[in-house]
Structures are given as structure tokens and as C-alpha cells.
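These protein sequence lines are chains A and B, in that order. Using the numbering used here, the first residue of the first sequence is number 1, and each one after it goes up by one. Using the numbering used here, the first residue of the second sequence is number 267, and each one after it goes up by one.
Errors might be hidden in some of the hints.
[Stated by the list, open to error] Here are the simulated PhoX-like cross-link-like pairs (lysine-lysine), alpha carbons at most 25 Å apart as the crow flies:
1. A:Lys37 with A:Lys215
2. B:Lys350 with B:Lys324
3. A:Lys37 with B:Lys324
4. B:Lys317 with A:Lys215
5. B:Lys360 with B:Lys373
6. B:Lys317 with B:Lys373
7. B:Lys373 with B:Lys324
8. B:Lys350 with B:Lys317
9. B:Lys324 with A:Lys215
Everything labelled a hint here was simulated from the structure, so no lab data went into it. All figures in this text were calculated on a predicted structure; none of them were measured in a lab.
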Amino acid sequence: MIDLDFLQYDFMRNALAAGLAASVLCGIIGVYVILNKIVFISDGIAHAAFGGIGLGYYLGYDPLAFGIGSAVLTALGIAMVSSRTRVSEDTAIGVFMATGMALGIMLLTLSQGYAKDLFGYLFGNILAVTRSDVLLILALTLIILAIVFLLYQEFLLLSFDPIYEEAIGLPVQSLRLLLLAMVAFSVVILIKIVGIIMVIALLTIPGAISRRHMKSLPAIMAGSIFLGAVFVTIGLIISYELDVPSGATIILTAAAAFFLSTLLSR
Amino acid sequence: MIAKESIVSIRDLWIYQAEHAVLEDINLQLFPGDFLGLIGPNGGGKSTLLKVMLGLIKPDRGEIAIFGLPPAAARSRMGYVPQKTVFDRSFPVKVLDVVLMGRYSRKGLLHRYGRQDRQAAFRALADVGMADRAGRQIGALSGGEQQRVFVARSLVSDPELLLLDEPTAGIDSAQQTDFYDLLCHLNRDLGIAIVLVSHDVTAVSSYVSKIACLNQRLYYHGSVELSNEDIEKAYGCPVEMIAHGTPHRVLRKHD
């Protein structure tokens with residue numbers, strides 16, 4: 001029997017709260033990432049955020065806030081470079097991604113003595129989430145929920161047929177930048193939980209499974225939020241019981257569900 | 267001065283892309299109820315001209331007015347069916363939702379769809395003969411049916427002018443005939459002016475009321491009712507001769 005005594009620890013309660021809020025983000029933003037086919041750019045943003053995290057450490061400020069800043073700048077930068085120069089978008093993503101990682105490693109090393117944190121950011125450390133982190137994650141989740149609620153119809157148009165909608169007056173470029181900014185926010189929050197390397201799995205797996213079984217966008221999002229919450233909770237419990245890394249356990253739980261659902265729906 | 271009754275008025279219009287003229291000295295007048303077939307070789311600027319009419323590309327020289335307005339301001343009175351709608355066949359939307367998407371040009375940002383919009387969507391689906399498909403997933407329809415839905419999407423804003431960019435590409439020939447019949451119905455019975463871009467010369471010449479040939483320059487033969495002579499004149503443009511070889515292969519179907 002699994003006992004729930006882990007909930008008596010503050011860090012476990014924080015971890016669970018952060019994980020559940022992140023599931024809401026993944027559920028909604030992840031579905032847009034899948035439908036707009038911007039998985040690679042999302043992964044690039046996650047990696048580039050590491051540069052900001054390193055800079056935050058180096059300067060002695062909140063790394064998470066700097067991570068969000070550099071993630072948003074990267075999203076804008078990729079969009080600018082690919083629309084104003086002859087560099088194609090995937091090339092721009094590759095360049096930004098590697099530059100961000102290199103900067104992060106360099107700055108973290110120069111900050112000295114943070115090798116443990118380096119590991120935490122690369123592979124996630126949900127157990128190190130503090131109460132103020134939880135509040136930040138909740139606030140960002142609420143902001144993104146409000147934006148998606150207001151612009152639900154517009155994002156649906158953007159996702160389905162941007163070429164046509166641009167022709168009839170939808171501000172496609174601005175909406176795409178807003179979507180990328182929301183991806184940037186979500187990705188940095190997820191970094192806290194599963195780390196830079198695995199962030200894209202948590203962003204896409206719940207939506208990918210949910211999409212197979214649901215027929216409408218709201219239903220896919222709801223299913224995706226539910227699955228994300230289940231993966232995070234089960235992953236946390238297993239990692240607590242077996243004393244194994246939480247980020248990897250959450251991702252492996254999600255991956256197992258993904259392959260199982262693929263096999264069953266064939 | 268631009269004539270009052272014309273719905274499309276283009277004068278001395280030039281478009282350059284990377285220092286090459288894509289459109290040269292275009293002059294075109296369209297009037298309510300016109301059905302213009304715009305033919306010409308690939309790369310002749312047909313899609314570019316449609317984009318200029320939609321206000322997506324600004325002219326480098328000359329002027330254009332749609333319903334007497336700058337094109338971008340006239341968008342809510344135009345319908346547009348793009349060349350090929352590239353979409354994910356498993357995208358989770360129903361046919362009715364797709365049709366509603368065309369309502370954006372009337373609603374604008376942050377507006378929700380109400381009962382009027384839904385009624386307009388059902389009407390548009392009925393106009394294209396797809397009313398019974400409203401609840402189906404878009405990906406479950408055949409190519410020809412999907413194209414009808416995309417026409418409904420362009421009709422849902424009650425346009426007075428419909429722009430279609432090679433709408434029959436990738437549709438089998440039986441469905442193509444149905445599709446052209448549908449366009450005739452929209453033009454004759456609903457009074458919607460149509461600009462149909464195509465390189466399907468035979469089909470176009472048997473349905474439209476005017477033909478223009480575009481190859482950087484526009485060879486347009488006015489508002490005369492189509493006759494074999496006019497077709498020959500329209501195909502008198504040099505590149506069209508080279509591209510299609512024998513202009514007399516163009517035959518008009520008889521009712």
C-alpha cells in the first residue's frame with residue numbers, strides 16, 4: 001500500500017502544488033504547441049532559457065525570473081531572425097538553443113560552487129521548489145488561463161489555418177508572438193519540475209495522448225490537464241518511495257502511458 | 267476618378283519583388299455580378315494579384331480600390347478561398363466551427379459568436395449543399411467536400427465579392443464539375459461577383475462571363491459577353507500561346 005505520509009513534509013506539499021499547477025499549463029499550452037507544430041521552437045526556448053538562468057546566478061538575482069526573461073527574448077529573437085533575414089526558422093532555433101546552453105554553463109561555472117544547481121536545472125528538482133516558487137507558478141498559470149480564455153477563438157483560428165485568417169484580417173504575427181511568449185513562460189516553470197532536457201516531453205505527451213481520444217479542443221485540453229496531473233502525482237510518489245530522481249520518474253511515467261496508449265489505440 | 271459603380275478598380279498598378287516587376291501596369295474594372303476567370307502561366311502573378319486585392323500586398327505604384335475603399339478596409343465585404351488549405355486532417359474541429367472561422371472578418375478581435383453567426387454558418391453550408399455535414403469532423407470529409415466547406419467559410423461573412431485561388435487543385439474531375447456549377451449558382455442566384463484564378467483553361471472558359479490573362483501584364487478584353495473571338499483575343503497574349511500551344515483547343519460547353 002502507498003501511504004500518504006509524504007504529504008506531511010512541506011517540500012512534498014510544495015512539489016505537488018507546483019506539479020499540479022504545471023499540469024494545467026501543460027494541458028493548455030501543450031495542446032497549442034502540438035496543433036501549431038511548434039514543438040522544436042518550444043524546446044529551443046527551453047534550452048535558451050538556461051542562458052538567463054546562468055546570468056541570474058552570476059548577478060545574484062532570481063534565476064527563474066531571468067530564465068523567463070531570456071526565454072521570452074529568445075522567442076521574439078527567433079521570430080525576428082526568421083522573418084527579417086534569410087535564415088530559416090529551424091536554423092535560428094538551433095543557433096539560439098546552443099548559444100543559450102553555452103552561456104548558461106559558462107556563467108554558472110563562473111559563479112562557482114553551483115554544480116548541484118546546474119544538475120537541478122538540467123534534470124529538474126521539483127523537491128527544491130519553494131513556497132514563493134509555488135506562488136509565482138500559480139500567478140503565471142492564472143495569467144495564462146485568462147489570456148487563453150479571452151483569446152480562445154483567435155488561437156483556434158491561428159492554429160487551424162493562419163494563411164486564410166491573415167487574409168481576412170486576423171493579426172496572425174502578433175498572436176503567434178503572444179503564443180510563443182506563453183510557451184516561454186510555461187517552459188521555464190516546467191524547467192523547475194522536470195529540467196531543461198526533459199521539458200518538451202511533459203509539454204507534449206499529455207496533449208498527444210488526450211488528442212487520440214477526444215474530439216474537441218476543450219475536451220482535449222481537459223484530458224491533457226488530467227493526464228498531466230496524474231503523471232506528476234504518480235511520478236512524485238514513485239520517486240519518493242523508491243528514492244529515485246523525480247524529474248526522470250515523472251517523464252518515464254508519462255512516456256509509459258504514451259506508449260501504452262499508442263499500442264492500445266492501434 | 268474611380269467610377270462609382272465599380273466594385274474593383276485597379277489603375278496603373280505595379281508590384282516589385284526583389285527588384286523584379288511581378289505585376290506591370292495592371293488596369294482592371296469589375297462590376298457587380300461579374301464572374302472573371304483569371305488565367306495565365308505559373309509565376310504570372312495570379313496569386314499576387316489576389317493578395318493585392320485582399321490588401322496583403324501593397325502596390326508599389328498605382329492605385330487600387332475595392333468598393334471604393336482601400337483593400338484592407340473592404341475585407342469584411344470580400345470572401346477568399348485560398349489555393350490549397352493545408353491543415354492537419356485530424357484537427358479537432360467540426361465543419362460548422364470551420365465555417366464560423368470565416369466570420370472573423372465581421373467580428374474582429376475578442377468577439378464571441380452568437381446565434382446570428384451560427385445561423386449565417388448554417389445558411390452558408392446550405393448554399394454549398396453541405397448542410398447535413400455541419401456536425402462532422404472536417405478531416406472526415408472528402409477533398410471536394412472540404413473545398414465546399416472552405417467556400418462556405420468565405421460565404422459566411424455575406425461577401426459581395428468572392429476571390430478563389432485555384433480552388434479545384436487536387437479535386438477529381440467529377441467533383442470539379444460540381445464545384446464550377448456551385449460557383450455559377452453563387453454568381454447567378456446570389457449575385458456574388460467572383461474572381462476565379464485557375465490554369466484550367468477549358469473549364470474556366472465554359473463557366474465565366476469574362477476572361478483575363480495575366481502574365482505580369484494583364485490582357486483583359488472588357489465586359490463583352492464571352493464569345494469564341496473573345497477567347498481567341500484573350501489567348502492572344504504571347505506567353506499564353508507558348509504555354510498552352512493551340513488556343514482553339516479552348517472550347518465552350520453548350521448548355
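Evaluation of the provided hints:
Only pairs whose Cα atoms come within 25 Å are accepted, and Lys37 of chain A paired with Lys215 of chain A is accepted, the gap being roughly 18 Å. Using a Cα cut-off of 25 Å, the hinted pair Lys350 of chain B and Lys324 of chain B holds, with the two alpha carbons roughly 23 Å apart. A C-alpha spacing of about 30 Å is found between Lys37 of chain A and Lys324 of chain B, which places the hinted pair above 25 Å, so the restraint is violated. The hinted pair formed by Lys317 of chain B and Lys215 of chain A fails the criterion: a straight-line CA distance of about 34 Å is larger than 25 Å.
With a CA separation close to 20 Å, the supplied pair Lys360 of chain B and Lys373 of chain B stays within the 25 Å bound. Our distance criterion of 25 Å between C-alpha atoms is met by Lys317 of chain B and Lys373 of chain B, whose separation comes to about 21 Å. Proximity of Lys373 of chain B to Lys324 of chain B is assessed by CA-CA distance (about 24 Å); at most 25 Å being required, the pair is judged to hold. Among the hinted pairs, Lys350 of chain B with Lys317 of chain B is consistent with the structure: their alpha-carbon atoms are about 14 Å apart, no more than 25 Å.
Straight-line distance between C-alpha atoms of Lys324 of chain B and Lys215 of chain A comes to about 40 Å, which puts the hinted pair past the 25 Å bound.
Comparing the model with each earlier hint shows violations of hints 3, 4 and 9; every other hint is respected.
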